[in-house]
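Chains A and P supply the protein sequences, listed in that same order.
With the numbering used here, the residue at position 179 of the first sequence is 179, and numbering never jumps.
Basically the numbering used here = 1-based index in the second sequence + 391.
Derived by calculation from the structure, the hints in this document are not laboratory data.
Treat each hint with caution, since some may be false.
Said to hold, decoys possible - Heads up, incomplete: computed chain P residues facing chain A, CB under 10 Å, no partners named: (1) Arg408; (2) Asn456; (3) Val537; (4) Gln539; (5) Ala587.
To be verified - If you only want the chain A side, here are some residues facing chain P, beta carbon under 7 Å, derived: (6) Val14; (7) Thr17; (8) Thr19.
These numbers were taken from a predicted model, which means no experiment stands behind them.
All residues carry an ideal CB built from backbone N, CA and C; glycine is no exception.
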Amino acid sequence: MTLTLSYHWRNLFVRKTTTALTVLVIAAVVGTFTWLLGFVVALSDSLAVAADPRKVIVMQRGSISETNSALPPEDFNKLMQISEVASDGQPLISPEMMVQVSLARVRDGGTTQANVAVRGVTEAAFKVHRNVKLLGAAFSTGAPEIIVGRKAAQQFQGLQIGQSIRLGFSGTREYKVVGYFSAAGGPMESEIWGYLPSLQSAYGRTVYSAASLRLADGADAAAVVKQIDGPAIQLEAMTESEYWQNQSSNVRFYQAVCYVLVGMMSLAAVFSVANTMFSTVAGRTREIAMLRTIGFSPGQVRLGFVIESVLLSLVGGAIGCAGCAAYLAIMGNTKDMFGASNFTTIAFEIHLTPLIIAGAMLMVAIVGVLGSLAPASRAARIQAIAALREP
Amino acid sequence: MTLGYVLMQNLRRNRMRTALTVIAFALPMAVFVAAISLVVALIQLNASLARELRLAVRSKITLTNYLPERMRKDIEGIDPQRQRLTAVCGMRWFGGRVPNTQNVIQSLGADPDTFPAVFSDVGMTEAEIEQWNRERVAAVVGKNIVEQHNWKLGDRVTLESTVPPYLALEFRIIKVVSTPGRTNGFYLRRDYFEEARKAGGFDAPACNVFWIKCNSVESLHSLQADIDALFANSPNETRSFDENAFIATFTQAVGDLPGLMRGMAIVVVCIVALVAGNTMMMSFRERIRELAVFKAIGFQSWRLFLIVIAESLTLAIAGAVLGIVPTATALSIFPPSKFGPLPIASLAISPIAIGVSFGIAVLVGLLAGLWPAYQAARLDTVSALRKVA
């Protein structure tokens, strides 16, 4: 003999106000939780894409970001000696120059600006950064043209195909946007790419900023990093994963803050649910006694209250998720964030993926169980005879 | 039978509920006080920056594009009589770090002659200015940086620049700055920095930003327009910001944290209001007969109103104390300014933030008790006595 789900479900409607208020507490917590989780997941996904263990970034000794590094061509040429680098006739090494440009954000109508990375690349870049895919035209090597990462095009003004932005040391050269590219959702999608020699001349530079190397399958990245460190080459090398880890040290700080906030609010929700459930148990003493009299075991009564609490929480959770989705739809879901030391922006979009919703609902179910444990066992301890005798 | 006595009896009647409510109230309040502290800290910082009347002039393209040193003369030439501007101080990013560490210190080379005047909020004394002018290796260093590296006044320290040509220069700390918002800065003499660059064969001296101290708000706005107009269509087009707007380009760039915190504060207020309201409704429903008895033995309506409101307020205040006091204590012992990025670095628990948090708690307590208290006051004695709890 078991209690049906509809019995629990109907119980929730008996005390409308209390149920509604508790549901709203949970909805507020879950709404915030899903937003923060979406934020954290969007950030770490974006950075995880960049963490290609087969890619090594080489910079000048002493620099910690591509923006601030200067790599003379003679140093670059030394990288050709490394035998672990993959090759398609030419070693897959991409010389790159990194500068930045301030552009107005789309989301607030251009009241604030962000530093967007501009990367000068050659044909080699498309072989080294394998997840970069052209969506449309490529820049020509003869004209001042650029291609724009998918996310950058969405987030910053002036980056639609056909529009121009001004680049160069004095900002006098107009570069026309001719195409978009994707980078599997990684941070490069927040960048602008142009032809290296053209950008070098616009900025009056003869040096590169950094070089990216694609290693052959099975090559030992650590050994390559060590080889570049010296004595023959003497440059700074790190795997792409390491590079982005350094760039995102501030990101991890925010993630930690988010988790602490979420933890505290979830705990508050547990107490709130417990409060409600205690009140429910107290208000239904005679009903519980009746259930016990007609043959339900203490265990079934306990389970019944846990189920009720979880139902209550799940309803709150569903409303919270829906609220968060509505918020993102109305207020916009794009955010961007600084790298720790290159001062350029990584743009990302918050999406409520099924995984995030599942995580939020799991959290809320746990809240429901935790909040009901004590009240449910109090209900299970109710002595049938004594309770029925109560006024 | 005093109000206080009834209140204590009521709170003691269902200890479990009182405890759960107080905790469910305290946790979001802890989040609230931290969030509101950050917002208050940023508002205060903005207000103090606005008082400084400083204008930042940078390249229109981006902050990392350099502006040649001679532009300082051009800017000063706009107002030769010094009616609108007091002084111009060029700054160049040094980006130093302590050798063998990863964290870049916000270190900047500043024009030595005008730095003390333009950045008067740093608060250099006559003697310190004299030493700054005399010693080429002088450095004015923020309190947080000094504490982080266990430095002290008078120490000789070496910083390694992370930008070409990656100079390692030695400095001497002549002043420790504790002005809010400047505790994470390291200011060095730009002439010393530029000479070391020149010795390495690097290009002409240049700045990232020219800081202009203005005489009044009007002169700040007029200079802002005049300077950008002066360099328009030149090889070095500029974009000027008042200091707040300049700082905002950074705080905005780290994910609009202040906005996030404001949103968080609103959500938290909703949560505590719902928690308190819920509790008061539950406890009112259970005690409806008891309140009717009170009424029957001659309690006036306003006293019943007061009893319910007072209970709600007590719960809210207890929750607020339990949430705010430990958080405020923890944050003042471990201020996040030691390790957090820019906007968080300005977080400090201020009396205003604590006051606001308590104010909100009291307001929530009042609001949550209002409806049940109103119902208690207009309770129909006879029908309430008949009601089965």
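Status of each hint after checking the structure:
no.	hint	in the structure
1	Arg408	holds, 6 Å
2	Asn456	holds, 6 Å
3	Val537	violated, 21 Å
4	Gln539	violated, 15 Å
5	Ala587	violated, 14 Å
6	Val14	violated, 12 Å
7	Thr17	holds, 5 Å
8	Thr19	violated, 10 Å
Violated hints for the displayed structure, listed by number in ascending order: 3, 4, 5, 6 and 8.
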